[in-house]
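A.B. asks: Each chain, written out:
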Amino acid sequence: MRIFAWFVGVALLAFGWLVLAPVPAAHAAMECIECHADPNGGGFHGGFRSLTGLTRDEIDVVCLSCHDGSYTNPDGIQAPEAAVHEQTYSGSGKAPEYGTFKAGCLDCHNTHGLLAGDGSLIENLQLLGAKVLEASSTDGVARIRKPIIDFGADGTAGTDDDFHTGWECDSGIADDPACDTADDGFGGTHVRAPSFYGNLYEGSPWAGNGGVNPWANDTLPYNGSCNSCHTRTNHHRRDNSGGDHTHNIDKAGCVACHSHVSGWLNKGG
Amino acid sequence: MRNMNRTALRLALALLCLAGAGPVWSQTESDPATAVPQVQNPRRIAEGPNGQVLVTDRRYGTVVAVDRNSLEPVWSAPLPQEGAPFGLAVMKRLVFVGNTSTKNVEVYRIQGSGGPDTTLRFAHNLGKIPTGAIGPFENPIGIAADTNEKLVFVLDGAAKRIEVYKPNGSIQFGFEPRDSEGVLLSPVSLAVDELRREILVGDYGNPAPYWAGCSFCAAAAPARILIYDYGGELLFEIRGDGTTHWSTWFARVQGMAASTDGRIFAADPLGGRILVFDRYSGALLEELGTQGSEEGQLMLPLDVWLDRETGDLFVSNNRGARRVEVLRDAGGQQ
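Protein sequence lines correspond, in order, to chains A and B. For the first sequence, this note's numbering assigns the number 1 to the initial residue and increments by one for each residue that follows. For the second sequence, this note's numbering assigns the number 270 to the initial residue and increments by one for each residue that follows.
If you are wondering where the hints come from, they were derived from the structure by calculation, not from laboratory data. In this text the structure is predicted, and so the values were computed from the model without any measurement. Heads up, a few of these hints could be off.
[Claimed, not checked] Examples of chain A residues lying across from chain B (beta carbon under 7 Å, computed):
{"hint": "1", "residue": "H36"}
{"hint": "2", "residue": "H67"}
{"hint": "3", "residue": "P74"}
{"hint": "4", "residue": "D75"}
{"hint": "5", "residue": "I77"}
{"hint": "6", "residue": "Q78"}
[Said to hold, decoys possible] Covered stretches of chain B (chain A as the covering partner; in silico rule of three or more C-beta atoms under 8 Å from a C-beta of chain A):
{"hint": "7", "segment": "373 to 383"}
{"hint": "8", "segment": "422 to 429"}
{"hint": "9", "segment": "500 to 507"}
{"hint": "10", "segment": "518 to 525"}
{"hint": "11", "segment": "565 to 571"}
{"hint": "12", "segment": "583 to 597"}
[Claimed, not checked] In silico contact screen, one side only, chain A against chain B (beta carbon under 7 Å); selected entries:
{"hint": "13", "residue": "N73"}
{"hint": "14", "residue": "D154"}
{"hint": "15", "residue": "D218"}
{"hint": "16", "residue": "T219"}
{"hint": "17", "residue": "T233"}
{"hint": "18", "residue": "H235"}
Heads up, the beta-carbon is just placed ideally off N, CA and C, and yes, glycines get one too.
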């Protein structure tokens, strides 16, 4: 018996790494290095860099350097094209009532979505509300951070002069550096992973509205993925002011008109 | 009576077609921004006539002309309905646009003197695809032209194939941009060196798992630039992991341009810089530009065009200031 136990022990020492080692990726999944590649590091495997300390624009570049529409991975899977949801420019003449805003990639996407234990390291990159076990969640539903709203000159919420000024984090201070460096729950730090750092803003279930249009709920609370932040749009305002909540709610989703490729902005809106 | 009306309608449509009406020139968005030329989401860049450079803009589905001196947009032309321009090349007054919506490489003719009223008129699709029909390209993201030999090179990034056409649309030949081991990975960009008659392909490599001594990690590969002759024969490979030349390290490479003295300029979207390589040794000679969001800085540069007369290097700068930037005299006297 002792000989058998010794044999098993030796075998585990010798070959146990095969069990613990990551399985070669089916390439539909993401590799850590795809985002953490060091520009000076020699390609996907020459160097690993932490993204902590990068600016929001630089973080977006990490995503868009593959999601610009040109990249098809070696297994033939094309990275979906995306554009950042923002309006930071002037002079376009486009919808000035919406003011200037910007929501970067990590404001909606939790790129370490499954690191908390449900699934493997390489099957992450979940969108908000996908099945995610997060450090601060008990129900497996991801959340997005609560936007900070300046109520404008009239000091009244839900009026047209509301202005989205930033995002709250646990400290309650907009753009607090602490939000960028807080413990991610796995012994490391990451920049602005929303479901880790954000105050939980009501519920934002990905499958909200009965799964018909998870982007915008047509019943209270108005907390679909899109209308959680929207305070100045013509429809689907989170605070039930102005507009209605049935605008194209029966369509395939807000994305039917407001595509990620166009930065969600318009092609109809 | 109803039949007569239908006949009249058909006759009118036929006359319109005969008159060269071509595609409907409705805009992607009813946005005043398309009336005021501007660059918002620039992708590929190419030499244009009248002292301008042209860029494809995904935001408004347009081709935009930018003045080389002021860097101000001068005119823009929207592609037809739902047009999604990506790849771009210019041969005199012919503009070749990779439209990822119609899956075609569409050929347009520039009409006008280069002022704000300049327009693009649809001529035909490469491959003799009928007007209005969906084309054969899955993702025509890279196009380059050799004006001397009158050849147009098209990279289909999804099909991972390069095809060579005559400007009239007839195909000459095609090949897959494989490396020295015969492996086909992730080509993302295309350029030609007319002087050396070479095809340059930017490739992201393979992010498969890798660590030293790993027996099943052989598929991993760094980003690289692959250089072929006009027949599709691989000539040289500049790898980003220091194995081609000890000085050469990079993780991504997008649009490229070649100088007459054997340098290759390549946009590094991840590093926000332009990398300059020696074509023959693969050495990284220089890094140009700084990453940042201000005008004059680079953020997600996706393509370059080198003005060989002035040495000015024009950059399609997708993020940050989101416009065409220029690095004056970066190419030196040619």
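A.B. asks: Does each hint fit the structure? Answer for all of them.
C.D. replies: Hints versus structure:
Annotation: A:H36 was flagged as interfacial toward chain B, and the flag is violated, the nearest CB pair being 10 Å apart, outside 7 Å. Annotation: interface hint on A:H67 violated; nearest CB of chain B at approximately 11 Å, more than 7 Å. For A:P74, the suggested interface contact is upheld, since its CB lies about 5 Å from the closest CB of chain B, less than 7 Å. Interface hint status for A:D75: violated, as the beta-carbon distance to the closest one in chain B is roughly 9 Å, over 7 Å.
Residue-level restraint check for A:I77 is violated (minimum Cβ-Cβ distance to chain B is 10 Å; threshold 7 Å). Because the beta carbon of A:Q78 sits about 5 Å from the nearest beta carbon in chain B, less than 7 Å, this interface hint is met. Given a C-beta distance limit of less than 8 Å, the hint that chain A covers the segment 373 to 383 of chain B is violated, as 0 residues qualify and 3 are needed. Closer than 8 Å: that is the beta-carbon criterion, and the segment 422 to 429 of chain B has 3 residues meeting it against chain A, so the requirement of 3 holds.
Counting residues of the segment 500 to 507 of chain B whose beta carbon lies closer than 8 Å to any beta carbon of chain A gives 0, which falls below the threshold of three, so the coverage claim is violated. Look at the segment 518 to 525 of chain B against chain A: 5 of its residues bring a Cβ nearer than 8 Å to a Cβ of that chain, three or more, so the hint holds. With 3 residues carrying a beta carbon less than 8 Å from a beta carbon of chain A, the segment 565 to 571 of chain B meets the three-residue requirement, and the given coverage holds. With a threshold of 8 Å between beta carbons, the proposed coverage of the segment 583 to 597 of chain B by chain A holds, since 4 of its residues qualify and at least three are required.
At its closest, the beta carbon of A:N73 sits 6 Å from a beta carbon of chain B; the interface hint therefore holds under the 7 Å criterion. A cut of 7 Å between beta carbons decides the hint on A:D154: the least distance to chain B is about 29 Å, and the hint is violated. A hinted interface residue such as A:D218 counts as satisfied when its beta carbon comes closer than 7 Å to some beta carbon of chain B; here the least separation is about 26 Å, so the hint is violated. A least Cβ separation of about 31 Å between A:T219 and chain B goes past the 7 Å threshold, and the interface hint is therefore violated.
The closest approach between the C-beta of A:T233 and any C-beta of chain B is roughly 17 Å, which is over the 7 Å cut-off, so the hint fails. Evaluation of the A:H235 hint against chain B yields a violated restraint, the C-beta minimum of about 18 Å exceeding 7 Å.
When each numbered hint is compared with the structure, violations occur for hints 1, 2, 4, 5, 7, 9, 14, 15, 16, 17 and 18.
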